[in-house]
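Visitor: One letter stands for each residue in the lines below.
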Amino acid sequence: MQTIRMALKSIKGNKVRAFLTMLGIIIGVSSVIVMVAIGQGSTKEVQDQIGSLGTNVLTVSVTGSDVTFKEDDASQIQDVSGVEAIAPTISGRVTVKNGQTNAQVSTIGTTSSYLDVRDLQLQSGRFIADLDNDNHSKIAVLGSDTAQTLFGFDDPVGESVKVNGTSYKVVGVLESVGSSLGTSGDSTIIVPLSTGQRLASTTEIGSVYVKVENEDMINFTSRRIEQTMYTIVGDADSYSVSSQEDLMETATSVNETMTLMLGGNAAISLIVGGIGIMNIMLVSVSERTKEIGIRKAIGAKRRNILLQFLIESMVLSSLGGIIGVGIGIVSAQIFTLTTGTTIAYSVPVILLSFVFSLLVGVVFGVFPANKASKLDPIQALRYE
Amino acid sequence: MMTMTEPIIQIKNMKKMYELGGETVMALQDISLDIQKGDFISIIGPSGSGKSTFMNMIGCLDRPDSGEYMLDHEEVGKMKSSQLATIRNEKIGFIFQNFNLIPKLTAVENVELPLIYRGMKAAERREIALEALKKVGLVDRANHLPTQLSGGQQQRVAISRALAGQPPILLADEPTGALDRKTSKEILETMSLLNEQGHTIILITHDLDVAKRANRVVRIHDGQLFENGGEWFADNQDGTEKH
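Residue numbers (numbering that gives the first Met the number 0), protein chains in the order written: chain A, 0 to 383; chain B, 0 to 242.
These are calculated hints, taken from the structure and not from any lab test. Glycine included, every Cβ here is placed at the ideal spot set by N, Cα and C. Check before you lean on any hint, since a few could be wrong.
Distance windows between CB atoms, simulated [what the hints assert, rightly or not]:
1) A:Thr335 x B:Asp139: 56 to 62 Å
2) A:Thr338 x B:Lys120: 53 to 59 Å
3) B:Leu144 x A:Leu350: 36 to 42 Å
4) A:Leu336 x B:Leu144: 45 to 51 Å
5) B:Asp206 x A:Arg381: 18 to 24 Å
6) B:Val138 x A:Thr337: 19 to 25 Å
7) A:Gly12 x B:Gln82: 31 to 37 Å
8) B:Lys133 x A:Leu22: 24 to 30 Å
9) A:Arg381 x B:Lys77: 22 to 28 Å
10) B:Ser65 x A:Phe366: 34 to 40 Å
11) B:Tyr17 x A:Gly12: 36 to 42 Å
12) A:Phe366 x B:Thr23: 39 to 45 Å
All chains should be modelled from the sequences, with the hints used to inform the complete structure.
Guide: Here it is as structure tokens:
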């Protein structure tokens with residue numbers, strides 16, 4: 000207790016220096032907290048979104064470029080037992096135009112079942128019907144962002160838009176689904192599958208969304224679909240069947256790597272801060288050589304001197320840690336308020352970075368403190 | 000008083016050598032000295048005589064190469080440095096030429112220092128320290144920093160720091176060296192008073208006038224100790240060594 004009070008006193012005696020010494024630790028700790036909060040926030044956001052897409056949906060993607068996979072092939076998946084509904088899709092990017100306003104959006108060509116399979120809601124109008132598909136109708140359902148970009152707050156249903164120069168009639172608008180992994184699910188335009196294939200100048204299918212009957216049997220159904228796909232495509236490397244859970248795992252692991260890298264960077268700045276503390280403590284030891292001599296002459300043991308300087312560096316670093324935690328939380332809050340990004344504070348990480356800062360104080364305080372404790376009292380007393 | 004004849008320091012055949020630039024310097028050659036409890040002894044000698052080395056030995060800041068040193072019935076000549084720190088804390092009150100107060104601490108905190116290293120509780124410590132300051136008449140300056148005090152006041156703070164732990168011995172190294180004549184006189188009178196109160200005082204100086212305050216004056220010269228230092232210096236009026 001007495002030693003801590005002594006350390007606080009000596010820090011108070013040189014406020015500017017103490018602050019500059021702590022600055023490294025403050026920056027280190029606060030950046031750890033901000034970085035991890037942002038990293039974990041984005042992980043959480045992605046998880047929420049992927050989770051909201053439904054856990055009873057499988058995605059069958061055709062990845063090989065030299066295989067053919069057409070609508071008829073896709074309908075075979077419908078026959079796999081355990082499959083409730085399928086929605087074959089072909090996607091691409093198009094320019095949509097309404098008068099002078101235009102937007103680059105992703106286009107999805109699909110069938111009427113897409114709405115049910117992806118669990119989407121209509122804001123207004125209707126979705127694509129089977130008849131539209133058969134007729135290669137030039138109709139479109141707009142994502143909420145696309146609708147707002149092109150029509151503002153007017154109802155676009157019944158209006159027409161130009162897709163790559165051709166006029167399409169808008170029949171419906173979707174409810175917002177939010178964005179995931181940096182791509183907006185609302186900047187879309189949905190057209191009938193046959194129309195979409197024509198837009199993309201292909202007769203192929205890109206991917207098929209599959210809704211399974213029983214969520215618990217999803218892995219089982221997934222394997223059956225894989226077998227079916229193998230008989231259709233004949234090349235195991237040209238397709239993939241993935242569940243939302245797989246997607247979530249991938250997204251989470253990407254985010255974890257990112258968080259780890261950000262955290263690692265910040266940890267390095269903590270170590271640099273520690274070196275700053277060591278530096279100042281060494282200066283402090285040589286400045287206070289006389290004081291050490293006096294204390295030793297009066298009866299301080301090596302242990303007393305060691306503890307005095309060690310506690311001083313620990314107080315410095317933990318004070319820096321506390322200030323850093325405060326600044327970190329505040330600046331993460333400012334960040335989320337200004338950018339609207341989700342953040343998630345991690346209490347273990349906050350505690351860990353504080354403990355780490357304390358540890359930095361111990362590790363980098365040992366050398367100067369040991370140096371101080373080893374001073375010969377006779378020499379130290381003579382020092383001016 | 001019965002206690003007057005009880006030896007508190009017994010030094011027998013103490014020797015100390017130094018390596019200086021590859022040369023061995025015999026700083027103390029075969030010194031023996033007994034100091035009785037309640038004594039007021041001066042050790043006088045010019046610089047380079049081995050006076051400082053001897054003071055470091057008596058003050059347990061250094062260890063002799065050979066010889067015996069009994070301090071208050073304890074053989075301290077062969078103690079480890081941590082044990083010596085305890086001995087310094089409990090047995091010796093240091094009074095230095097340049098006061099050696101810690102500038103960041105107030106007068107009373109400086110006086111508390113030796114008690115801190117005894118592990119005494121804060122409240123008890125403060126009480127004893129204030130009592131010690133009262134003895135030297137500085138209790139109203141307890142919360143002043145050393146820089147806010149005059150030289151004489153600082154030395155009185157240093158004396159009360161030396162007294163606070165109630166050590167059997169006060170060891171003063173040129174206590175008046177940094178003070179003017181008037182203040183020096185006051186400090187020396189304080190020390191005489193302390194001696195009358197029963198404190199054993201060892202005064203190390205190069206100044207004969209200061210040394211004469213003591214009941215007994217020994218002279219150190221070329222690492223050897225001579226009794227009746229006062230008479231010797233009286234014969235060599237200017238107080239410096241002649242070769």
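Visitor: Hints first: check each against the structure and report whether it holds.
Guide: Each hint tested on the structure:
Separated by about 58 Å at the C-beta atoms, Thr335 of chain A and Asp139 of chain B satisfy the suggested range of 56 to 62 Å. The beta-carbon spacing between Thr338 of chain A and Lys120 of chain B, approximately 55 Å, falls within the hinted interval of 53 to 59 Å. For Leu144 of chain B and Leu350 of chain A, the hinted distance range of 36 to 42 Å is satisfied, since their beta carbons lie about 40 Å from each other. Restraint check, Leu336 of chain A to Leu144 of chain B: a C-beta distance of roughly 47 Å satisfies the suggested window 45 to 51 Å.
For Asp206 of chain B and Arg381 of chain A, the Cβ-Cβ distance of about 20 Å falls inside the hinted range of 18 to 24 Å, so the restraint holds. Hint check: Val138 of chain B to Thr337 of chain A, Cβ distance near 60 Å, so the stated range 19 to 25 Å is violated. Checking the proposed 31 to 37 Å range against Gly12 of chain A and Gln82 of chain B shows it holds: the Cβ atoms sit about 33 Å from each other. Taking the beta carbon of each, Lys133 of chain B and Leu22 of chain A are about 45 Å apart, not inside 24 to 30 Å as hinted.
Taking 22 to 28 Å as the suggested C-beta distance range, the pair Arg381 of chain A and Lys77 of chain B conforms, at roughly 25 Å. Take Ser65 of chain B and Phe366 of chain A: their Cβ atoms lie about 36 Å apart, and the range 34 to 40 Å holds. Between Tyr17 of chain B and Gly12 of chain A the CB atoms are about 37 Å apart, so this pair conforms to the stated range of 36 to 42 Å. For the pair Phe366 of chain A and Thr23 of chain B, the supplied restraint of 39 to 45 Å is violated, since their beta-carbon distance comes to about 34 Å.
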